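Residue-level listing of the chains:
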Amino acid sequence: MRLLPLIPELVRQLFREPATNRFPAKYLPPTVTGFLRDVASGKTRLIPPVPTPPEFRGKIAYARDTCIGCGLCTKICPSHAIELLPTKKVRIWVDQCIFCSQCTSICPKSSLSMSAEFLLADEDRYSENLIVE
Amino acid sequence: MAPDEKKAPYTVQIGPVHPALKEPVMFTFEMEGEQVKAVDFAPGQTHRGIEWMGMRRNPVQIVHLTDRICGICGVVHTLSFSLAVEQIAEIQVPERADYIRSILHEFERIQSHLLWAGVAAHELGFDSLLHLTWRVREQAMDVIENLTGNRVNYGIVQVGGVRRDIAPEQHPAIEQCLSAYEGLLEKLLNLFLDDRTIAMRCRDCGILTRKDAIELCTVGPTARASGVNVDLRQDYPYAAYGDLDVRAILPEQHMGETHGDVFDRIVVRLLEVGQSCQIIRQCLSEMPAGPITAEEKLAKLLLICKKAQGEAIGRVEAPRGECLHYVRMDGKESPTAWKVKASSYSNLMSWIPMLIGEQIADIPIIVASIDPCLSCTDRVAVVREGQRSILTKEYLHRLSVEKTRRLQR
Amino acid sequence: MTPAGIAVILGWCVFFSLFAIAGGLFLLGVDRKLAAHMQARIGPPIRQPFIDVAKLLQKENVVPANAISSIFHAAPVIALASSIVILFYLPVGSILPVLGMYGDLVLVMYLLTVPALAMVAGGFASGSPYATVGAQREMVTMIAYEFPLAIVVIGVAWRIGAAGLASPFALATIAATPIWTVVGPIGFIGAFILLLVLAVVTPAELSRIPFDTQEAETELAGGLLVEYSGKNLAMFYLAQGVKTLVLAAVIVAIFFPWNLSGFLAMPPWLAIPADLLFFLVKAIIVLFFAVTLVRVGMARFRITQVVSIYWRSLSVIGLFGLILLMADAALPALVGVGL
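Residue numbers (our numbering), protein chains in the order written: chain A, 1 to 133; chain B, 1 to 409; chain C, 1 to 339.
Since the hints were derived computationally from the structure, they do not count as laboratory data. Just so we're clear, the structure is a prediction, and the values are computed from it rather than from any experiment. Even glycine gets a Cβ: it sits at the ideal position worked out from N, Cα and C. Heads up, a few of these hints could be off.
So these bits of chain C aren't anywhere near chain A, every CB distance computed over 12 angstroms [stated by the list, open to error]:
hint, residue
1, A4
2, I42
3, L270
4, I272
5, R312
To give a feel for the contact side, a few chain C residues facing chain A, derived at Cβ under 10 angstroms [stated by the list, open to error]:
hint, residue
6, I6
7, L34
8, A36
9, M38
10, R41
11, G43
12, P44
13, P45
14, V53
15, T132
16, V296
17, G297
18, M298
Below 20 angstroms or equal to it, Euclidean Cα-Cα: the simulated EDC-like pairs (lysine to aspartate or glutamate) are [claimed, not checked]:
hint, chain 1, residue 1, chain 2, residue 2
19, A, K26, A, D38
20, B, K22, C, E217
21, A, K109, B, E296
22, A, K89, A, E133
23, B, K297, B, E95
24, A, K75, B, E296
25, B, K393, B, E215
26, A, K75, B, E295
27, A, K59, A, E123
28, B, K307, B, E333
29, A, K75, B, D204
30, B, K37, B, D204
31, B, K187, A, E9
32, C, K33, A, D122
33, A, K109, B, E295
34, A, K59, A, D122
35, C, K33, A, E9
36, A, K59, B, E145
37, B, K403, B, E311
38, A, K26, C, E217
39, B, K341, B, E311
40, C, K33, B, D127
Hey, can you work out the whole structure from these sequences and the hints?
This is how it looks when you write it as structure tokens:
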């Protein structure tokens with residue numbers, strides 16, 4: 001097998017576990033919503049995703065009470081995802097967010113932070129899940 | 001083509017969308033049987049107007065925009081842009097930040113080269129090798145994610161320094177990854193270079209002579225594989241590379257001779273993975289303590305950038321070759337001019353001497369062999385009334401002369 | 001022939017057609033699963049080819065504007081039909097060839113080219129440069145692998161004939177007398193070489209890597225099949241599955257014709273299904289070494305390299321095997337003369 005060095009490796013791999021993480025299920029379920037319903041009712045088990053690293057930059061979290069409405073975050077946001085409301089609070093459009101975490105580092109009151117949540121796919125870009133305020 | 005020559009009997013168009021191309025570019029091949037007689041290509045299919053967007057943002061925001069010029073080179077473009085802005089604003093980057101930049105830069109090179117190796121294997125129809133290299137690449141991605149918080153679009157470099165420090169507790173993870181790669185490199189070299197089928201397909205295929213490589217101003221691994229000794233890290237050190245021992249990798253160091261073919265490009269890239277591991281090791285051991293950014297307060301940094309006036313060029317040795325950002329600031333919030341020259345821009349023209357005389361079967365691997373990144377490259381798309389038009393060199397030259405006269409007035 | 005006899009034959013034909021389609025798709029599924037596991041992936045479930053075909057059958061047939069419509073539509077039908085027909089001449093498990101009395105191994109060899117020719121016709125009729133290049137390559141490949149294939153067929157049949165058996169080309173004879181049992185030690189090596197040659201011809205017959213230049217996804221975007229969609233593509237897909245089964249059946253019939261019922265005494269109602277299952281197991285093993293392992297372990301060749309491999313290397317190796325078989329048959333006679 002000197003001329004085809006990959007063959008022994010392939011045969012060895014045949015008897016090993018595949019490298020794929022089977023999140024959320026081994027094969028695509030017939031209906032995803034049905035699958036999620038089953039998971040919620042405890043009928044099936046969700047195979048967990050690969051854990052996120054420390055200081056992962058996921059969906060933004062906003063502590064509304066500590067916000068002083070300085071608007072620095074709106075100035076620094078590269079994708080104009082943050083809107084300063086007349087009430088001196090901000091609204092974050094997560095569908096536009098690029099997860100750079102620049103706003104969390106400029107915020108003087110540390111009102112903004114990045115959570116570990118990353119399952120943000122949605123059919124509606126204005127859905128409740130994708131607006132933080 | 002001379003009039004007495006026989007006209008090629010048929011044309012094959014590859015692109016803008018084709019399985020051989022990972023990014024859109026349009027090729028027109030004049031074929032004779034299976035052989036390529038003439039070739040033309042038209043880039044400009046993925047123009048996104050990034051520079052236009054940049055001119056409406058401040059440097060701190062642009063840094064994150066540069067992250068997205070390329071899907072792979074997150075550090076390269078941000079670093080290149082930051083270097084330019086730091087020169088204009090006369091910001092002194094702390095030494096520790098320089099070392100962290102170099103470490104991330106080399107991790108990026110590792111993952112980019114492994115990604116390329118996988119793509120090259122796929123173009124040859126060798127999907128198992130694709131799966132293997134990309135599985136191996138995950139280790140680098142995991143370390144990058146650990147250090148920066150994201151797998152791609154790291155958002156780690158900022159004007160004046162870096163945004164995250166490398167903590168001592170992160171060293172074991174890096175060390176583990178590096179030793180894994182050093183062990184794997186031997187295996188990868190064996191899998192790619194000793195495989196008979198890969199040698200049959202890549203040896204003496206898509207040759208770029210040393211002369212052509214120099215005349216066409218190729219950069220990076222494409223030039224090095226043709227025996228041209230260029231590497232920005234050795235010729236024009238930036239970040240921490242001045243303190244480090246970096247020498248350009250040339251194929252004759254490993255193979256004893258230079259062919260300038262696809263095979264040599266594989267050799268150069270795989271060896272650079274090993275080189276990057278050594279550089280990261282050296283960086284980790286020599287990294288000084290200290291601050292990681294020149295200006296911690298972002299609001300103050302914005303103010304400094306706003307006051308800055310002048311122009312500068314930031315040059316960085318990307319995994320694909322030299323990447324260059326030109327920035328001009330006139331004391332306004334956003335730069336008045338920002339020009340990006342990605343490394344693939346310099347390499348595209350080398351396709352023509354490589355492709356002529358080769359077979360259809362070799363087109364995908366030759367096209368992939370320069371590791372083209374077209375969305376990085378495409379800066380202009382001219383569409384007038386729905387018609388595309390070609391701007392010649394003479395026309396562009398006339399335009400720039402006119403503009404210079406206008407400015408002089 | 002009596003009407004009852006015709007009815008029996010027709011019944012078997014229908015059974016074999018269904019078996020060919022189901023078995024072929026099953027083999028494709030197993031191939032994909034094994035390949036995926038070798039590449040450290042999970043891969044699709046084994047029933048995936050059935051799902052694919054079901055989906056394709058619901059899709060629209062798109063005919064390119066400059067295609068020759070009649071040939072374009074006829075090609076997939078011919079490819080599928082001819083692939084199924086080959087199976088009627090082959091022994092499957094302990095079932096003797098249904099149409100065995102009307103054709104032998106030479107006919108099978110000819111029939112094997114028909115699906116490929118249908119694909120060539122379909123490719124040329126597509127009116128796309130990719131398909132045209134693919135069709136040209138398919139023809140060249142066909143010419144390239146025919147010779148080594150012929151060497152194998154003739155070598156084995158000739159050796160069985162030399163052993164004094166009547167009608168050596170008939171598959172029933174070949175299946176009843178495994179080549180390994182009639183040869184001496186030299187012939188054993190010769191037969192083994194021919195087995196290897198046939199194994200190398202298989203990927204080209206099935207247009208799999210490294211000999212899939214005619215479809216070459218990264219070069220020709222599917223080559224011959226680039227313009228096919230919907231039901232036509234489904235038929236080509238089925239033909240691919242049936243061809244896989246047929247090639248496995250050819251190798252099994254020539255080189256591994258043993259049946260479970262030959263070793264274990266079992267009632268006839270059990271023997272046929274048991275032997276069919278055993279046949280599938282043999283087919284999977286043969287295909288694993290001839291197709292799956294090869295296709296995941298190698299890069300694709302250029303068309304010029306395909307030709308030189310088959311014409312030069314493989315033909316020489318095949319002829320060497322043939323000479324060994326001949327020597328094996330001639331040796332006792334020569335030794336006898338010497339005495």
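Is the Cα-Cα distance between K75/A and E296/B 20 angstroms or less?
holds, 17 angstroms
Interface-negative label, A4/C against chain A, beta-carbon threshold 12 angstroms
For A4/C, whose nearest Cβ neighbour in chain A is about 46 angstroms away, the distance exceeds 12 angstroms, so it holds.
Just to be careful, I want the Cα atoms of K59/A and E145/B compared with a cutoff of 20 angstroms; is the pair within it?
Holds. K59/A to E145/B sits at ~16 angstroms (cutoff 20 angstroms).
Just to be careful: measuring from the Cβ of A36/C to every Cβ in chain A, is the smallest value less than 10 angstroms?
holds, 7 angstroms
Any CB of chain A closer than 10 angstroms to the CB of V296/C?
With Cβ-Cβ at 6 angstroms, under 10 angstroms, it holds.
Given the hinted pair K109/A and E295/B, is their Cα-Cα distance within 20 angstroms?
Holds: K109/A and E295/B sit about 19 angstroms apart, inside 20 angstroms.
Under 10 angstroms is the threshold here; is the Cβ of P45/C close enough to any Cβ of chain A for the hint to stand?
Holds - the Cβ of P45/C comes within 10 angstroms of chain A, reaching about 6 angstroms at its closest.
Checking one constraint from the list: CA of K89/A to CA of E133/A, max 20 angstroms. Satisfied?
holds, 8 angstroms
Mind checking the alpha carbons of K109/A and E296/B for me, to see if they're no more than 20 angstroms apart?
Roughly 15 angstroms between the alpha carbons, so the hint for K109/A and E296/B holds.
Is K75/A within 20 angstroms of D204/B, Cα to Cα?
Roughly 55 angstroms between the alpha carbons, so the hint for K75/A and D204/B is violated.
Would the pair K26/A and D38/A pass a check requiring their Cα atoms to be no farther apart than 20 angstroms?
With Cα atoms ~15 angstroms apart, K26/A and D38/A stay inside 20 angstroms; holds.
Would the stated hint for R41/C survive a check requiring a Cβ distance to chain A of less than 10 angstroms?
holds, 5 angstroms
When held up to the earlier numbered hints, the structure conflicts with 2, 6, 14, 15, 29, 32, 38 and fits the remainder.
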